[in-house]
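J.: Below, each chain spelled out in residue letters.
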Amino acid sequence: MSDSLWNIFIGSSLINNFVLAYFLGICPFLGVSAKMETATKMGGAVTFVMLISSMCAYGIHAFLVAINAPFLQLISFIVVIASTVQLVEMFVKKMSPTLFKALGIFLPLITTNCAILGLALFQTSKGYNFLESFVYALGAAAGFTLALILIAGLREQLEFAEVPKTVKGAALTLLIAGILSMAFMGFSGLSF
Amino acid sequence: MSAEDKNINQGSLQMANAKPSTDEFIKGLWRDNPVFVQVLGMCPVLAVSNTALNALAMGLATTFVLLMSNILVSLLRNFIPKQVRIASYILIIATFVTITDYAIQAISVELHKSLGAFISLIVVNCLILSRAEAFASKNTLGKSIADALGMGLGFVFALFCLGAVREILGSGTFFDIALFPSGFQEWVVMILPAGGFFTLAIWLLIFNVFKERKQKDE
Amino acid sequence: MSSKTLNISTSPHIIANVSTDTIMLNVVYALLPVAGFAVYSFGINALLVILTTTISAVGTEHYLCKLSKKESTVGDWSAVISGLLLGLTLPPTFPLWMAFFGGVIAIALGKFIFGGLGYNVFNPALVGRAVLQAAFPVAMTTWYPAMALDRFSSISTSVLSTPFMQPTVDVVSGATPLSAFKFDNIIADSSDMALGLISGSTGETCAVLILLGGIYLIIRKMMNWRIPVAILGTVIVLSGILYLVDPQIYPSPVFMLFSGGLMLGAIFMATDMVASPITPLGVVVYGAIIGILVVVIRIWGGLPEGVMYAILLANAISPHIDNMIRLRVYGTSKQTKHD
Amino acid sequence: MRSSINFSQFFSGNARRGTFKHGVHPPENKDETNGLPIRQFPFSPLIILPTVQNIGSPSEIVVREGQEVNRGQLLAKATGYMSVPLHSPESGIIRKIKNVPTISGKMVPGIYLEALPSSTQEVMDGTPVELESATREEILQGIQDAGIVGLGGAAFPTHVKLKVPDGKVCEYLMINGIECEPYLTTDHRVMLEQADDIFMGIRYLLKSTGAPKAIIGIEANKLDAAEHLRSNIPEDLPVTVEVVPVKYPQGSEKMLITSVLGREVPSGGLPIDVGVVVANVATTAEIGRLLPHGRGIQERVITITGPGVKKKGNYLVPIGTPLRYVLEQVEAAENISEVYMGGPMMGVAVSNLDISIVKGTSGIVVFTSEDVKRPTKIYPCIKCGACVDACPMTLNPSKLGILAKFESYDLMADEYNLLDCFECGSCSYVCPSHIPLVQYFRLSKSIVRKRIVARKELEYVQ
Amino acid sequence: MTDTSQTQVLERPKSTPMLKAMVGIGIACGLLIVMTYEGTLPRIERLKKEALEQAIFRVLPGTVTTKTFLLSDAQKLEETTSDEGTLVYAGYDGSGDLLGIAIEGSGQGYADIIRILYGYNPNTEKIIGFYVLESKETPGLGDKIEKDESFLENFVALDVSLNGDLSTIQNEVVPVKAGAKENPWEVDGITGATISSRAIANIMNESIQYWGPLIVQQKEEFTAD
Amino acid sequence: MSILIAIAALGGLTLLLAIMLVIANRKLYVYEDPRIDVVEDLLPHANCGACGFPGCRPFAESLVDGRSLPGKCTVSSEDERQVIANYLGVDVGAEEKLVARLACAGGTNVARNRATYQGMQTCQGASLVSGGGKGCFWGCLGLGDCEEVCDFDAIHMDEHGIPQVDNDKCTACGDCVEVCPKDLFTLQPVSHRLWVACKNLEMGDDILEECEVACTACGKCAMDAPGNLITMENNLPVINYSENHNTKDPIQRCPTGSIVWLDEKLGVVKGRESQKIIRKGERMAGES
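One line per chain: the protein sequences are Y, P, V, W, B and D, in this order.
First residue of the first sequence: 1, per the working numbering; consecutive thereafter.
First residue of the second sequence: 193, per the working numbering; consecutive thereafter.
First residue of the third sequence: 411, per the working numbering; consecutive thereafter.
First residue of the fourth sequence: 750, per the working numbering; consecutive thereafter.
First residue of the fifth sequence: 1212, per the working numbering; consecutive thereafter.
First residue of the sixth sequence: 1437, per the working numbering; consecutive thereafter.
Next comes chain Y alone, as it looks inside the complex:
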């Protein structure tokens, strides 16, 4: 069942949004969605890392199939992705201390961002070819960034709202995410 690239993109960004439908990457999502600025930066970082790790994952998978060692899939994925991310992290720390400060402890946590490993695992299990994987990663990153930015906008606005004290914080973000997740259900079944 080959799908058009466009539908793969719509699927991974809107229908099966990584955050709102698969719950991937919730931790950074809760942390950095408070401000638009950090949200966009984080979105950029995740997009970058996703594209890299999607390509890495494609290569690794091909390699592991070649040497007939499927049992090494998970560990190789995570190790390669983690090291790539760590490189990025060091690079950012060196190049832009302000960006590093803004993303704070979440840069190392990109490594432990399920969205990135999830992407690698899903694209492999769906058996996408290189181009499809790339589009899939692009869609996933776009969806992640979209969700992040939408929530950041709402949270920024709710900074200036009389939110009951008990609800403030993670609970509020989760509730918004829940409502957004329902709104995204409107995209289900979307295909061109």
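Please note that the accuracy of each hint is not assured.
[Said to hold, decoys possible] Chain V residues, not near chain Y, derived (Cβ > 10 Å throughout):
hint: 1; residue: Thr432
hint: 2; residue: Gly469
hint: 3; residue: Phe524
hint: 4; residue: Ala590
hint: 5; residue: Ile596
hint: 6; residue: Asp599
hint: 7; residue: Gly643
hint: 8; residue: Ile646
hint: 9; residue: Val647
hint: 10; residue: Ile702
hint: 11; residue: Tyr719
hint: 12; residue: Asn733
[To be verified] Keeping only pairs whose Cα atoms sit at most 27 Å apart, straight-line, the calculated DSS-like set for lysine-lysine is:
hint: 13; chain 1: B; residue 1: Lys1259; chain 2: B; residue 2: Lys1347
hint: 14; chain 1: W; residue 1: Lys826; chain 2: W; residue 2: Lys779
hint: 15; chain 1: Y; residue 1: Lys165; chain 2: V; residue 2: Lys476
hint: 16; chain 1: P; residue 1: Lys274; chain 2: Y; residue 2: Lys93
hint: 17; chain 1: D; residue 1: Lys1605; chain 2: P; residue 2: Lys408
hint: 18; chain 1: D; residue 1: Lys1684; chain 2: D; residue 2: Lys1605
hint: 19; chain 1: P; residue 1: Lys305; chain 2: B; residue 2: Lys1347
hint: 20; chain 1: P; residue 1: Lys406; chain 2: V; residue 2: Lys479
hint: 21; chain 1: W; residue 1: Lys845; chain 2: W; residue 2: Lys826
hint: 22; chain 1: W; residue 1: Lys1199; chain 2: W; residue 2: Lys910
hint: 23; chain 1: B; residue 1: Lys1259; chain 2: P; residue 2: Lys305
hint: 24; chain 1: B; residue 1: Lys1260; chain 2: Y; residue 2: Lys126
hint: 25; chain 1: D; residue 1: Lys1533; chain 2: D; residue 2: Lys1701
hint: 26; chain 1: Y; residue 1: Lys126; chain 2: B; residue 2: Lys1347
hint: 27; chain 1: V; residue 1: Lys480; chain 2: Y; residue 2: Lys168
hint: 28; chain 1: P; residue 1: Lys305; chain 2: B; residue 2: Lys1358
hint: 29; chain 1: V; residue 1: Lys480; chain 2: W; residue 2: Lys1061
hint: 30; chain 1: Y; residue 1: Lys168; chain 2: P; residue 2: Lys406
hint: 31; chain 1: Y; residue 1: Lys35; chain 2: Y; residue 2: Lys165
hint: 32; chain 1: D; residue 1: Lys1508; chain 2: W; residue 2: Lys1199
hint: 33; chain 1: W; residue 1: Lys1061; chain 2: W; residue 2: Lys779
hint: 34; chain 1: W; residue 1: Lys1154; chain 2: V; residue 2: Lys479
hint: 35; chain 1: P; residue 1: Lys330; chain 2: P; residue 2: Lys274
hint: 36; chain 1: D; residue 1: Lys1684; chain 2: D; residue 2: Lys1656
hint: 37; chain 1: B; residue 1: Lys1388; chain 2: B; residue 2: Lys1347
hint: 38; chain 1: B; residue 1: Lys1430; chain 2: P; residue 2: Lys274
hint: 39; chain 1: V; residue 1: Lys479; chain 2: Y; residue 2: Lys165
hint: 40; chain 1: Y; residue 1: Lys35; chain 2: Y; residue 2: Lys168
FYI, nobody ran anything at the bench for these hints, they're computed from the structure.
Glycine is no exception: its CB is placed at the ideal position from the N, C-alpha and C atoms.
Got chain Y sorted already, so can you dock chains P, V, W, B and D onto it with the hints?
T.: Here is chains P, V, W, B and D on its own, set in the frame of chain Y:
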């Protein structure tokens, strides 16, 4: 996130005072519950908590990985240079996750299917890495085991809380046993992603209310 | 002259004769004919559903205010609007216990957690409906034909189904024009749709009355006319283009306009002031987004109807619209101002 | 992306030619007094003169207790450029020199002057400023010496305002006869009754600013005044009369300039940045009347009106007349509850009847407890956008109000142009939720200004 | 400030311990994983096989034994023991008579791809059983395709008989509205789950169009011993 | 076979990774003093700014740099400061504890209102409307902005609408000083026992119509005070704290009690002469 910061701080301060391991165990269960208080490891909590069984299995799998990695990290803590610690921890964690993955497949293919990719995703559960980084790498084996068990069981508890609510309301069953007479209207939303968000948010609210009450009492 | 002290306050010392509660009350007035027609065409069932949602929304608002030790805000009529709107978007034979639950959710989740009136980033009624749609998809898509003969004499058993139990389907379900189009490629008669002689949610069927209500509010300047105009305009243009491309596959703009909840959504839901942008250009963009999403979801999506999702999504986007589209402040250059 | 998009004007509606964007239409309530000619107000037996009557520095008292002074005699001299002298409004004896209350609530040094009952109240003349021979600077000096401040209400020293800075050219002298405040008819009557003084004043102003042309801006609800002025323009004077639509706050100089010339005064700038100098019509008339005699200002025209007053009218009131005395004379009602100096849109509520009329008092509006319509309840902002559609500065008062409520003052100033707000009150007027927007903004502005000063000081220290 | 610079120097370790630690851990981990993999592999394969057989029993009721057939590149069906390639499974009753063929099909559902297994009787040219292998359809709505009894009844004897020259099926499998089934080749939809039920019919239609002629033409492969 | 593959693959992979990390470590290393984190952890996280830095982290940085001493942090306890000092091996740098003090005592029981203020119920808002409705222009408006702004629960409005500072809880963060539109708060060392609880610049008894406890600028305190301890400036007594001010004498003859003394046991006390006002005030409070 301040809750998390605080916890790490507490962790680092606690290494100074010699507290018994039981403390490490109990704190993870309730006071510093990884999910409800620290808001860590959300992905599996939300994704596989649509039935109580899945939640329990996932929780136990995570606890196993957490325990084993905490043990290893604690043992190797003086051997691993600081710069490569994260990479090493991830290696260790990934190994145990792979092991768990195969073990669950060997137990039940059905269960493995319903947990899906989320077993593999235990690797990136922030909880495990943060315990390895913040606790096991600085503490003795005994304490690390206690911490892992406490946090792990706290995680199981949280997952179970979610899974039970979502399964009972969403499917009208509990561990696949029908709880209600036939004709019960399932609240489908509970097993949908949105329901996961809502249920977790409501549990967080309950914990917040408890916290506020306690503060008021003080 | 009196010896008592004068009152002092800040300028201006006179105010225009409008008040938030009168605005809200007028929205209720505008909704009443729609609700009346709903009762006329779907009978006693619709009446019960609308009453239930309204009562539960108002009750929840009152109770939550009490719980948070605030003065009850029931008097501003906004909860009544949410309850009424929710009732108008539900199927006529919707179980009352679910409707009640929907009213509670609309206020608690759609409004209270954000800090009450003025801070609800989503339209509360739609949040309630979205949860109901997700929770009870079957009940939410079980339709009842309009103008049934026994509509005033009998109450559907599904309406009165026991709380927490599945409704018993006792009526021949009538498909909505949209689902008929989506799944069976049948296009309903447009004059029937305009007059509300079709099945659908209680309040979405009579486009004429909805339009009249909207015009009343626009004349009284209690509604931003740009929003419905932008939404309906976008839908007409987009579906018009598609219709011209291939009238066999794509429905006509008239059908798009009068079917489903588009009218009700465009006029009464999307215009929720709190959850929509504030600048004139902003609301036009907002309306256009809703229009595009409605067409996309209806034509290419898996669901027959997408107005609710479109508005919720646009609600989420509206802070960004407000952030990006601002009025040029008097005396500032037309170029982007940098600090 | 942050600023608006160019064609936003198209969507914002309300962008008629010949007027500014947005604005409101409060009920005018001018009919009761606009037909009443200006009448001399009785001299009060006691005059209380605060030394702070203008924006800028206070004047310095040059008389001593017990001294007898004549009407028009200098009582306090200017203490610098941003200051004007104070002249005696009545012939009398200085009773006391001590702190007196002002409308701002502050106590400032002041003079208690007891009128001499037998005095004829003849005005003392000074050195005239000859129109033909005086230089620009001499005219400005003459205006300062006459103690003239903006009589429209702002009380900004007129000579400062008229000064065209080096390098700037004044293309138009704009005479502001708009009077958009409800209730007030002061300028209306001045234009009808003091046309000659106005034209004389314009001569002085044209000379001092170097402007080739003067425009008198009048709102369409004072067509009789416009007609009267138009038909009396001296042939040699390059003056035109422009009638602009009735809309509040047309009388703000920025709005007037936009309406008449289609130019926008840049944010943070002055009218002279677009080649215009604006003077209030009453101020102009006063200049035309006082300068040829070298007199100081001792009285002004005030509209005294409102439901709480029996003898409504336009009065020529000596400056320093205590408010209590004024209200007694016009037979104010027993149950007065609110008194405003200025109009109801931008005027200041009086907290204490012991204060007195000052140069900037353009009107007194009295409400009784029965007429006051107070918002009973403040609702949360529902983002209806009424304020956005009202703000003449095209700000976003809704957002500003929410930010002010949550004390994000810096954000208000940096992102939402708080400091461009001139507190016209349009937003509060239309707000259905009765949010005290103007008060929020006034507070926010004062805090932001304080912070800016503090920041500058810090930079200076560093 | 001297101690600060000292710390800085101390913070930079030598490279060898880093290399040693990493490689050591890597090798140890590799060992552990391989051991687990090898240890669990037989059981996992057995479990998988059992699960597959169970599924086959469901779509071909009464099956006692099964055989796996591979579709070769030359469009030939051959019995096989491997689990690679395009496979179908034949089910036989106790007396060794062919009950039917279990065929896998997949296609786009409402939320994601749906994988189904259905039983096809090449003798009667009817579909005789149906089972959902994998679906992420909306619980309570789309997942009725697995539970709805009246829907499953469609597949007890769904007519997919071939046309005269055995090139394709005579009547396409057509989804219709719930309760509107008139012909044996029509599939009754599910109220409220129209898309998912349609998807099943479409997947089946596409699949049987392909497999029907193939299997009937090589029917003897299955009966030959 | 698969064992060999696994070992080779993983070994190779980790080796590659390690090499990469080693290189990265060399090339891209950014040094940050780890003590900053530790010190920040030890600070109270109040981010109150009383130390003169924008928050706890910048203060921690300056502590580690040696630019400031732990004593600057007025929020943390003596012990906590000592811990930081020990950790960094520096002096605590003790600073005397400061507390906020209010220069007004004109509660609703003794002060008159000129007008009834309507609008925003904050002092800052009210002060913009003719200075608020209070008779005394300089006096406390009593709407509690300081209570609201205090993060340490150290300020509470009493029954007459005058803020009372809890000396134990006050950290001298200065928020109340900043927020008070009438500038009535000052930060003073706790050892300053004598202070003036009035700020009105009027002279003579006229002011008493507005407020019974206002300073009338009679100058008796200045006369009674030893040496140059008190001088009158702008109709108000000014206390020269560099003089020895450990005497209660100046307050004794104050007719309105506007100069006060902090007694260790009794709290804030007023002079003999003003006792009648306090009694009167109490009685009035009882009646209302």
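J.: If a hint holds in the structure, say so; if it doesn't, say that too.
T.: Each hint, compared with the structure:
no., hint, verdict
1, Thr432, "23 Å, holds"
2, Gly469, "18 Å, holds"
3, Phe524, "6 Å, violated"
4, Ala590, "17 Å, holds"
5, Ile596, "20 Å, holds"
6, Asp599, "27 Å, holds"
7, Gly643, "21 Å, holds"
8, Ile646, "21 Å, holds"
9, Val647, "19 Å, holds"
10, Ile702, "12 Å, holds"
11, Tyr719, "2 Å, violated"
12, Asn733, "7 Å, violated"
13, B:Lys1259 <-> B:Lys1347, "20 Å, holds"
14, W:Lys826 <-> W:Lys779, "37 Å, violated"
15, Y:Lys165 <-> V:Lys476, "15 Å, holds"
16, P:Lys274 <-> Y:Lys93, "17 Å, holds"
17, D:Lys1605 <-> P:Lys408, "18 Å, holds"
18, D:Lys1684 <-> D:Lys1605, "25 Å, holds"
19, P:Lys305 <-> B:Lys1347, "12 Å, holds"
20, P:Lys406 <-> V:Lys479, "19 Å, holds"
21, W:Lys845 <-> W:Lys826, "18 Å, holds"
22, W:Lys1199 <-> W:Lys910, "24 Å, holds"
23, B:Lys1259 <-> P:Lys305, "11 Å, holds"
24, B:Lys1260 <-> Y:Lys126, "22 Å, holds"
25, D:Lys1533 <-> D:Lys1701, "19 Å, holds"
26, Y:Lys126 <-> B:Lys1347, "14 Å, holds"
27, V:Lys480 <-> Y:Lys168, "17 Å, holds"
28, P:Lys305 <-> B:Lys1358, "19 Å, holds"
29, V:Lys480 <-> W:Lys1061, "46 Å, violated"
30, Y:Lys168 <-> P:Lys406, "17 Å, holds"
31, Y:Lys35 <-> Y:Lys165, "19 Å, holds"
32, D:Lys1508 <-> W:Lys1199, "26 Å, holds"
33, W:Lys1061 <-> W:Lys779, "11 Å, holds"
34, W:Lys1154 <-> V:Lys479, "20 Å, holds"
35, P:Lys330 <-> P:Lys274, "12 Å, holds"
36, D:Lys1684 <-> D:Lys1656, "13 Å, holds"
37, B:Lys1388 <-> B:Lys1347, "23 Å, holds"
38, B:Lys1430 <-> P:Lys274, "67 Å, violated"
39, V:Lys479 <-> Y:Lys165, "13 Å, holds"
40, Y:Lys35 <-> Y:Lys168, "15 Å, holds"
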